[in-house]
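Engineer: Here the protein sequences line up with chains A and B, keeping their order. In terms of the working numbering, the first sequence opens at residue 1 and continues consecutively. In terms of the working numbering, the second sequence opens at residue 1001 and continues consecutively.
No wet-lab data here; the hints were simulated from the structure. Heads up, some of the hints might be wrong.
As the list claims (entries may be wrong) - So the derived label-pair ranges between C-beta atoms look like this:
#1 B:Leu-1238 - A:Gly-93: 32 to 38 Å
#2 B:Arg-1172 - A:Gly-56: 55 to 61 Å
#3 B:Ala-1092 - A:Ala-53: 45 to 51 Å
All C-beta atoms in this analysis are idealised placements derived from N, C-alpha and C, irrespective of residue type, glycine included.
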Amino acid sequence: MSATVFGLCGAVAAGLGLYGVITEAQPLRKILAFNVFGAGVFLIFGVVARRGAAAGFSGDPVPHALVITGMVVAFAATAMAVALLLRLFNASGTATLDADTTSAERDSTDT
Amino acid sequence: MTIGFALDCGVALLVVAVGGWTIVARASFAAVVGFVSFGLLVTLAWVRLAAVDVALTEAAIGSGLTGALLLGAAARLRGNEVAMRAERPGPALRIAAGLFAATVAAALAAAVLLLPDPAPTLAPAAAANAGATGLGNPVTNVLIAFRAIDTMLEKVVLVLALVGVWSLAADRGWGAAPSPPCAAGSGDKTAFLAQLLTPIGIVVGIYILWEGADNPGGAFQGGTILAAMWLLVMMAGLANAPAISRRSLRLLLIAGPGVFLVVGLGGLWFGAAFLAYPVAHAKAVILIIEFVMTLTIAATLALLLAGPPEREASP
């Protein structure tokens, strides 16, 4: 029963994160929202693991191991995304993903 | 309704509320602080789901390291934020995105409610084979032995991510040391904290690695604590970050996946399959892999957070 509550909680968190990924204009906020999305998906994994409790274990260890691996990979991807974002900011002076703004700024620095 | 169930409902509501706040908050810095609290609440949810290994990882990596990384980025992008707010999409797109996200959330919720009963599980298989490795923690067993290839490839992903981050260095910065975000204006206090906390942190990190054989813990959690201690020392200015061109550093970074690969190929050569451990010495081999892996994880995570080198290399 408790596991189901956290499953629904994970589903809502995933929805919130997805909304943020689409609607946020700032890349940093997109990265943040993507991490909320990921946390929700991981929680659903946790519910599947908890329901699989058997053989004296309090949960199925295989999804647990998958989630631990997933969290480390998610951090690596986040670090890569933040590095790209800061490089864009250092190179162009703005962190926008809007193609028009970036090309306009590049033209203005070229001339 | 028992107290435990009420507690679970409360934690779940808080997770959703704080998670929603990190999406709608106006200032990025505040949103990132919200994300760190969100991570800690999710950690509580993992404890309630009886997954202490995952809870430790979420607290250390999901909330701690990711939070520190995003806080540093938010501080540097702060000046650009007001200009970016004008780029928020119009109400029509926001409503459409809201409907789409709600549909996905509803589908996930339906999937959770309609999970098969009895639940499929590999727990009996993990329990039946636990004796082969001599480890008591089923999650460590899966990570290091039963699904070792996942863990090995994940180490490769970490190294690739670091190569990606470093490749973003400006030409003049290539080969220099990265400059981790320093705690400006509080030098003495940070230095004191770093001197006080680091020895304790190192002991705790190694303890968590060692205990991971039989209790919640392991290479990831211990490695993250060691990474945090190294970062603290670098941020306090007590030690400089190593130049990324240094050979000893690069050897350390590939040691984890390297040892894993050597053991794996040894399994192919002497034993039954890739990554098949010698049965008589399984525990010793696993401990060697875990120890080397912990050092590699600590170095890689800390350097991922420190980012690409930006200052010019000193001759």
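Engineer: Check each numbered hint from earlier against the structure, then list the numbers of those it violates in ascending order.
Structural biologist: Failing hints: none at all.
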